[in-house]
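Trainee: Chains as they are written, first to last, in the numbering used here: chain C, 1 to 269; chain P, 1 to 265.
Because the hints were derived from the structure by calculation, they are not lab data. Certain hints may be false.
If you want the ones that stay clear, here's a sample from chain C, every Cβ over 10 angstroms from chain P, calculated [unchecked claim]:
| # | residue |
| --- | --- |
| 1 | V161 |
| 2 | Y176 |
| 3 | E184 |
| 4 | F212 |
Under the rule of at most 25 angstroms between Cα atoms (straight-line distance), these lysine-lysine pairs were calculated in the DSS-like manner [said to hold, decoys possible]:
| # | chain 1 | residue 1 | chain 2 | residue 2 |
| --- | --- | --- | --- | --- |
| 5 | C | K105 | C | K36 |
| 6 | C | K202 | P | K197 |
| 7 | C | K224 | P | K197 |
| 8 | C | K164 | C | K36 |
| 9 | C | K49 | C | K36 |
| 10 | C | K230 | P | K242 |
| 11 | C | K122 | P | K235 |
| 12 | C | K224 | P | K129 |
| 13 | C | K218 | C | K202 |
| 14 | P | K197 | P | K166 |
| 15 | P | K235 | C | K224 |
| 16 | C | K112 | C | K164 |
To list a few chain P residues with every Cβ distance to chain C over 10 angstroms, as calculated [as the list claims (entries may be wrong)]:
| # | residue |
| --- | --- |
| 17 | E25 |
| 18 | L26 |
| 19 | M134 |
| 20 | D168 |
| 21 | D185 |
| 22 | V187 |
| 23 | L189 |
| 24 | G200 |
| 25 | L231 |
| 26 | T247 |
| 27 | N250 |
| 28 | T262 |
By construction, the Cβ of each residue, glycine as well, lies at the ideal position given by its N, Cα and C atoms.
Below, each chain spelled out in residue letters.
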Amino acid sequence: MIRKYLLTILLGLSIGPVGFSQEEQLVVNLPSLSGKHLFTFENPKGSIKVTGYEGSDIVISATPRFPGTGKNDGNSLKRVDRDPFDIYAESDGINVTLFCRDEGKTVDFDIKIPRRFSLKLKSLDNGTIQVININGDIEADNSNGDVTLENISGSAVLNSVYGKILATFSEVRPDYPMMFTSLEGDISINLPEKVNAVLKMKTGTGDIYSDFDLVPLKRQPVIKDVENTKVYSLEDWVVDRVNSGGPEYIVRSYSGNIYIKKNKRSGNF
Amino acid sequence: MKKKDRKEKLQYLFKGDLSPDETEELNSELKKTGSADDEIDSLGMVSELIDRVSVDEPSSSMDQRFYEMLADEARETSSAGITGHRSGRVRSNSFYAGLRVAAGIALFLLGWFMQSWFGQRSDPRDLAKLSGEMKDLRETLVLTMLDQPSSLERIRAVNMVSQLEKADDRIIESLLNALNTDDNDNVRLLSLEALLKYSGNPAVRDGLISSIKNQSSPMIQLRLAEVMVALKERKAAPELRKILTNTGMNYTVRTRINEAVTVLL
Numbered sequence: 001m002i003r004k005y006l007l008t009i010l011l012g013l014s015i016g017p018v019g020f021s022q023e024e025q026l027v028v029n030l031p032s033l034s035g036k037h038l039f040t041f042e043n044p045k046g047s048i049k050v051t052g053y054e055g056s057d058i059v060i061s062a063t064p065r066f067p068g069t070g071k072n073d074g075n076s077l078k079r080v081d082r083d084p085f086d087i088y089a090e091s092d093g094i095n096v097t098l099f100c101r102d103e104g105k106t107v108d109f110d111i112k113i114p115r116r117f118s119l120k121l122k123s124l125d126n127g128t129i130q131v132i133n134i135n136g137d138i139e140a141d142n143s144n145g146d147v148t149l150e151n152i153s154g155s156a157v158l159n160s161v162y163g164k165i166l167a168t169f170s171e172v173r174p175d176y177p178m179m180f181t182s183l184e185g186d187i188s189i190n191l192p193e194k195v196n197a198v199l200k201m202k203t204g205t206g207d208i209y210s211d212f213d214l215v216p217l218k219r220q221p222v223i224k225d226v227e228n229t230k231v232y233s234l235e236d237w238v239v240d241r242v243n244s245g246g247p248e249y250i251v252r253s254y255s256g257n258i259y260i261k262k263n264k265r266s267g268n269f
Numbered sequence: 001m002k003k004k005d006r007k008e009k010l011q012y013l014f015k016g017d018l019s020p021d022e023t024e025e026l027n028s029e030l031k032k033t034g035s036a037d038d039e040i041d042s043l044g045m046v047s048e049l050i051d052r053v054s055v056d057e058p059s060s061s062m063d064q065r066f067y068e069m070l071a072d073e074a075r076e077t078s079s080a081g082i083t084g085h086r087s088g089r090v091r092s093n094s095f096y097a098g099l100r101v102a103a104g105i106a107l108f109l110l111g112w113f114m115q116s117w118f119g120q121r122s123d124p125r126d127l128a129k130l131s132g133e134m135k136d137l138r139e140t141l142v143l144t145m146l147d148q149p150s151s152l153e154r155i156r157a158v159n160m161v162s163q164l165e166k167a168d169d170r171i172i173e174s175l176l177n178a179l180n181t182d183d184n185d186n187v188r189l190l191s192l193e194a195l196l197k198y199s200g201n202p203a204v205r206d207g208l209i210s211s212i213k214n215q216s217s218p219m220i221q222l223r224l225a226e227v228m229v230a231l232k233e234r235k236a237a238p239e240l241r242k243i244l245t246n247t248g249m250n251y252t253v254r255t256r257i258n259e260a261v262t263v264l265l
């Protein structure tokens with residue numbers, strides 16, 4: 001089954017002109033848009049931008065960030081660079097996984113995808129992750145860069161080490177927790193004004209800001225066994241209720257600020 | 001008429017109210033009809049016995065109740081036509097019969113629920129069994145969710161563990177496994193937070209120490225170092241020192257782990 005679709009994908013691949021400065025495009029045809037779909041991609045080096053649209057195919061555009069120099073061999077012959085990177089996708093009609101072999105080059109991806117799709121994205125180096133207009137669950141991990149979500153209906157689990165996290169939800173999935181973490185970056189979450197959730201937040205050297213009327217909740221006791229002695233304390237998280245409360249949204253940064261803001265043009269599922 | 005006269009004379013004969021001549025005359029007539037003397041005597045005795053049977057006289061109160069009932073019935077009859085009265089009575093009867101059936105069913109169901117609810121609750125063994133089954137069910141659900149490919153579901157699972165009063169060995173093992181092998185750093189971090197509640201358990205403490213070498217996320221390394229310092233876990237110092245040999249480590253993280261090692265040694 002996978003092979004069948006893989007063949008379709010490879011046939012849909014349109015190779016650009018010689019040289020790797022050109023954008024290359026891969027189109028993945030989906031037999032049906034019904035059901036819950038998942039798109040997975042781990043970019044070894046470079047950015048990922050995914051935009052939801054009304055079409056039924058996944059249109060993948062890949063562009064090397066640094067064009068080739070076109071070195072010659074000293075005898076007026078130009079070096080011809082072919083296949084500077086390789087991309088291919090596997091699909092079973094529901095789950096689509098994209099692979100990139102970049103040979104150490106930075107390749108940025110701009111992907112158009114049907115709006116109702118869940119995403120699992122990872123950039124290992126030298127890039128940002130940006131997701132726009134998606135109705136689904138988003139898992140994004142970008143150690144070295146920012147993660148930005150715009151106009152999302154669904155849930156998210158986002159992680160960065162050095163980058164900032166900015167997520168704007170037009171709607172959220174009720175009863176589903178979310179989690180946002182960054183070691184050094186600020187975390188800014190824009191939630192629907194009427195969202196019902198419990199925010200569990202902690203930042204080391206940063207501060208927490210919000211325009212919601214947050215209601216502090218009782219912190220849970222923590223009992224630790226320290227050198228044969230029981231130590232009783234309270235959890236060192238800020239735990240607040242938004243509106244009537246609901247699933248836990250965990251927001252954790254070590255040195256960044258945390259911003260929880262109202263997205264006034266939004267609702268709930 | 002003659003017959004009637006004879007019947008009346010017979011009644012008087014049995015009561016002894018006839019003159020001797022009338023008695024003689026009647027007996028001779030009876031004999032002429034074929035009646036023997038002993039039969040005539042027997043009839044006399046029966047008549048005497050009937051007279052002896054006492055008959056209760058209706059009391060004045062019985063009379064009063066009877067006349068009151070009669071008056072009520074008369075009022076009802078006058079206030080509604082006979083047909084209307086009857087159909088109303090029929091409707092009323094079927095309505096009340098339906099109500100009785102419904103009430104019966106309701107009482108049966110109520111009784112059944114009371115029995116199944118309070119009956120079970122009243123038995124501490126059943127309550128403990130039910131509670132145990134619920135706990136098993138929750139734990140099975142958590143274990144299943146921890147195996148889901150979606151990190152969102154795994155985060156939900158770890159969240160559920162945090163709400164359990166106590167996690168059994170299977171859950172602890174799954175959390176330690178998630179801390180060591182989950183491909184999502186957030187799931188690892190949340191598993192670590194959930195395990196802290198069980199840090200008194202030697203298996204958990206050893207598991208936390210041995211997981212230090214498996215972590216590449218600076219955030220988890222940092223959190224583990226904080227936890228080891230808070231628990232004053234000296235056995236963690238060598239493990240923390242080992243990861244300091246990683247030259248690519250974040251400067252801030254390196255500094256804090258160095259501080260942790262100094263405290264623990």
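Trainee: Each of the hints needs a verdict: does it hold here or not?
Mentor: Here's how the hints hold up against the structure:
1. Distance to chain P contradicts V161 of chain C as a non-interface residue, since its nearest Cβ pair spans about 6 angstroms, not more than 10 angstroms.
2. The Cβ of Y176 of chain C sits about 6 angstroms from the closest Cβ of chain P, inside the 10 angstroms cut-off, so the non-interface label is violated.
3. Under the 10 angstroms C-beta cut-off, the non-interface status given to E184 of chain C relative to chain P is violated; the minimum distance is some 7 angstroms.
4. For F212 of chain C, the non-interface assignment is confirmed: its Cβ lies about 21 angstroms from the closest Cβ of chain P, beyond the 10 angstroms cut-off.
5. Between K105 of chain C and K36 of chain C the alpha-carbon distance is near 33 angstroms, which puts this suggested pair outside the 25 angstroms criterion.
6. Taking the CA atoms of K202 of chain C and K197 of chain P, the gap is about 18 angstroms. The hint holds against a cut of 25 angstroms.
7. As the CA atoms of K224 of chain C and K197 of chain P are separated by approximately 8 angstroms, the hinted pair is consistent with the 25 angstroms bound.
8. Distance hint between K164 of chain C and K36 of chain C is unfulfilled; the C-alpha atoms sit about 29 angstroms from each other, more than 25 angstroms.
9. Taking the CA atoms of K49 of chain C and K36 of chain C, the gap is near 21 angstroms; set against the 25 angstroms cutoff, the hint holds.
10. In summary, the hint linking K230 of chain C to K242 of chain P is not supported, as the alpha carbons are separated by about 29 angstroms, beyond the 25 angstroms threshold.
11. With a C-alpha separation of about 35 angstroms, the suggested pairing of K122 of chain C with K235 of chain P is violated against the 25 angstroms cut-off.
12. Between K224 of chain C and K129 of chain P, the direct Cα distance comes to roughly 31 angstroms. Violation of the 25 angstroms bound is thereby established for this hinted pair.
13. Straight-line distance between C-alpha atoms of K218 of chain C and K202 of chain C comes to about 15 angstroms, which keeps the hinted pair within the 25 angstroms bound.
14. Annotation: proposed proximity of K197 of chain P to K166 of chain P holds, straight-line Cα distance about 9 angstroms (limit 25 angstroms).
15. With a C-alpha separation of about 16 angstroms, the suggested pairing of K235 of chain P with K224 of chain C holds against the 25 angstroms cut-off.
16. Of the pairs offered as hints, the one joining K112 of chain C and K164 of chain C holds, with about 23 angstroms between alpha carbons and a cut-off of 25 angstroms not exceeded.
17. For E25 of chain P, the requirement that its beta carbon stay farther than 10 angstroms from each beta carbon of chain C is met, with the minimum near 115 angstroms.
18. The beta carbon of L26 of chain P sits about 110 angstroms from the closest Cβ of chain C, which is more than 10 angstroms, so the claim that it is off the interface holds.
19. The Cβ of M134 of chain P sits about 19 angstroms from the closest Cβ of chain C, beyond the 10 angstroms cut-off, so the non-interface label holds.
20. Interface exclusion of D168 of chain P from chain C stands, the closest Cβ pair being 18 angstroms apart, more than 10 angstroms.
21. A beta-carbon of chain C comes within 10 angstroms of the beta-carbon of D185 of chain P; the shortest separation is about 5 angstroms.
22. Listed as a non-interface residue, V187 of chain P fails to keep its Cβ farther than 10 angstroms from every Cβ of chain C; the least gap is roughly 8 angstroms.
23. Not every Cβ of chain C is farther than 10 angstroms from the Cβ of L189 of chain P; the closest lies at roughly 6 angstroms, contradicting the non-interface assignment.
24. Distance to chain C contradicts G200 of chain P as a non-interface residue, since its nearest Cβ pair spans about 4 angstroms, not more than 10 angstroms.
25. Once the 10 angstroms rule is applied to beta carbons, L231 of chain P is inconsistent with being away from chain C; the minimum gap is 6 angstroms.
26. Under the 10 angstroms C-beta cut-off, the non-interface status given to T247 of chain P relative to chain C holds; the minimum distance is some 17 angstroms.
27. With a minimum CB-CB distance of about 7 angstroms to chain C, N250 of chain P fails to clear the 10 angstroms threshold, and the non-interface call is violated.
28. With 10 angstroms as the threshold on Cβ separation, the claim that T262 of chain P sits away from chain C holds: the shortest Cβ distance comes to roughly 18 angstroms.
Checked against the numbered hints given earlier, this structure breaks hints 1, 2, 3, 5, 8, 10, 11, 12, 21, 22, 23, 24, 25 and 27; the rest are met.
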